[in-house]
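Going line by line, the protein sequences match chains A and B. Okay, so the first sequence: first residue is 0 according to numbering that gives the first Met the number 0, each after it adds one. Okay, so the second sequence: first residue is 0 according to numbering that gives the first Met the number 0, each after it adds one.
You may find that some hints are simply not true.
What the hints assert, rightly or not - Taking beta-carbon pairs under 8 Å as the criterion, some of the chain A residues facing chain B (in silico): (1) 107; (2) 113; (3) 122; (4) 140; (5) 146; (6) 150; (7) 151; (8) 155; (9) 159; (10) 168.
Simulated from the structure, these hints should not be mistaken for lab results. Where is the CB? At the ideal position from N, CA and C, for every residue including glycine.
Letter by letter, the chains look like this.
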Amino acid sequence: MNTRFATAMIMTSALALAACQKKAPEEIPPPPVDNTTPTPTPTTTAPGVGSMEHFLQAVGQANSIVYFDTDQYNIDAEDSAKLQRQAQYFNQYPSVTFTIEGHADERGTREYNLALGERRANSAKNYLVSLGIPASRIRTISYGKERPVALGSNESAWAQNRRAATVTIN
Amino acid sequence: MKKLIIATLAFAASPLAAQNQDLGEPIGEGQEVETIEEEEGLTGSVSFEGNLDDLGIAIPAFATDRNAPTPANANGTEALGLELARVITSDLRNNGLFKPTGPDSLPKPSFANITAPVWSTWGVRGAEMLVHGYVRARSDDRLTVGCYLYDMALQQRLVAEGWVVAPADWRRAAHKCADLVYSRLTGESPFFDSRIAYIAETGPKDNRTKRLAIMDSDGANHRFITTGRSTALTPRYSPDYKKLVYLSYVDGNPRIYVYDIGTGKQTLVTQSENPTFAPRWSPDGRWILYSMAVGGNTDIYRVSAQGGRSERLTDAPGIDIGGSYSPDGRSIVFESDRSGAQQCYVMNSDGSNQRRISFGGSRCATPEWSPRGDQIAFTNSSSFNVSVMTPSGGNVRTLTRGWQDEAPTWAPNGRIIQFFRTERNTGKTSLWQVDLTGENERSLPTPVDASDPAWGPILP
C-alpha cells in the first residue's frame, strides 16, 4: 500500500517536472499534460520505472504515439519503428503494464469512431505482442472522437487526432 | 511528509469514489394518463380544402368550471387553462403546422361555451378551425382536461377527447390535445406526447463534459440523469419509457448500461471485459442490441432485456455496429465496413440473410428504421448530411446541409427526423429537426449544447 502511495507521489512530481521542460516536438504536439501551473518543484527524485515520465524519457515523446490515415488502422514503417522502440522499453522493464488509447478524428460518426479507435489501439497492441510483449500487460481503450488533442477542423488537426497513444499504468 | 501523504491519499481516493457514482438523483417514472370519452364521439368531416400550412386555428384559453387550487399552477385551474392553450399553440407553431393563433390574443370562452361555441365570436377572426378545452380539478388532486376541435365553416365538432392526468403531467394533456388536432386534420399518427433522451455537452472541445439528459418533445421537463463525472453517450429510451440504455465511461471503459428510471439503478448490458457500444431496443422492448469489440473487431449482439446469454448476430471481419429494427421486429438495418467503407445492410432479426442495401457511392452510417417502416434515415458519412432511403436502398434523398449532421432519430409518427449538428472548429453541438419532406428545418432549444438525440415513442 505504501509503495503505491509513494509511486503516486513520484508520478505527481514527475508530471510537474515535465511541465518545465520545453522540448520542441518533432512533428506533434505534446500529450495533454497539465501545464497550467508551471511552478518549479524542487526534487531530487528521478522518474520511477514505469511512470509516464520515465517511459517518455526512455523512448522519446514522438515514439509514444502512432498515427493513422483516414479510416485506416494499419501499422506502417514509421509506426513500426516507434513501436519497436516502445517494445525495447517494455522488454527492459517487464513489470510495467500500460494502456494503448485509440482515437479518431471528428470527421466520422460517433459510434463508428469508437469502434475505429478500438481497432487502432488493437493494431498497436498486436504489433507489440508480435514483438514479444505479453498481451496481459497491455490494456486497450477507445475514446473515439471524444478526446481530440488538436482542436481545429482541418486536415492537419485531424491527422494529429487519428492516433494510438501508449500510456503507462504504473 | 505526512501532509503530502494525506494529500496523495485524497487524490488517489477520489477516482475510486467516482466509480459507479455518476448518477444523479433518480427521477422516478411518470404516471399513466387515463383517456376518457367525451360525449357524442367523432362527428363531421373537415370542410377545409386548401394547403394545411394555411389552415388558421384559433386556440383560446381553456376554461374551468371554478378556479380551483392545483399543484400544477400556483394561480389555480384558470391560469392553468391559459398555459394549456399556450403549450398547444407552441407545439403546432414550432413544428410549422397550420397557422395557430394562441390564447394571448384571443378572448376567453366560458366553461359552458366549450361544448357550445359562440360562433359569432370566432367567425370574425379568420380561423378555419377552433380548439376549445377545459380543465377541472378533481377531488383526488388529479386534473380532467377536455379537448374539442370545431370546424368553423360547418359549425360542427370534428373530434373531442378528455384525459385524467396527475398535476405534474398537465403538459401531457396539452400535448395530447395538440396530437388530437394534428391527427384529425392531417390523418397522420400523433407525436407530441413523447420524450427525447440526449447528451448534454459543456466545456472546451478537448475536455467536453457529456451528460445523459431527458426532456419532453418540446424541451420542457428537462432533467439531467448523470452528473457529468464520466462521459455518457448514445442513449435510447425503452419503448415503455421505463429504462434507458446508454454508453458510459463510469468504470473507465466504454460500456453499455441499462438504467432503470423508476429505481435509479443501472446494470451492465453484458458481463464482459470487452468494450460495448451502440445500444438499441427492439420495438417490443424484449431485446437489446449492442455492439462489442473483441480484439479490435466489432460485431452486433442481441440479449434479452431481462438479461441472460448474448447471441452474436454478425461475424464479418470489420466493424459491424449499431442496428435498428423494422417496426415489425423482423429485420434489422445496421452499419458495416466489411466492403471497405461504412455501408448499410439489412439482416433478419436472428442475424441471417445479411445483404447490403446502400450503393449510392457515399457512405452510409447510423441507419434508423422509420416507425412507419417505409423509410430508413441515415448519416451520409461522406458529406455528413442526414438522408433517407427506402428499406431496399432506393430513392435516396438528402434532407440537411450542415457542416456535420449525424445520428438521425425519428418522431414517433415517422414524419420528422431529429439529428445533431456539429459546428466547424468550435465543436459545439446542437439538436435539429427536419420534416421528411426536407422542410421546416429548425434547431431545438436546449439548456446547453446537445448531441445524440433519441426520440422515444408515444408515451404509454
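A quick look at each hint next to the structure:
no.: 1; hint: 107; verdict: holds, 7 Å
no.: 2; hint: 113; verdict: holds, 5 Å
no.: 3; hint: 122; verdict: holds, 7 Å
no.: 4; hint: 140; verdict: holds, 6 Å
no.: 5; hint: 146; verdict: holds, 7 Å
no.: 6; hint: 150; verdict: holds, 5 Å
no.: 7; hint: 151; verdict: holds, 6 Å
no.: 8; hint: 155; verdict: violated, 13 Å
no.: 9; hint: 159; verdict: violated, 11 Å
no.: 10; hint: 168; verdict: violated, 11 Å
The structure shown violates the earlier hints numbered 8, 9, 10.
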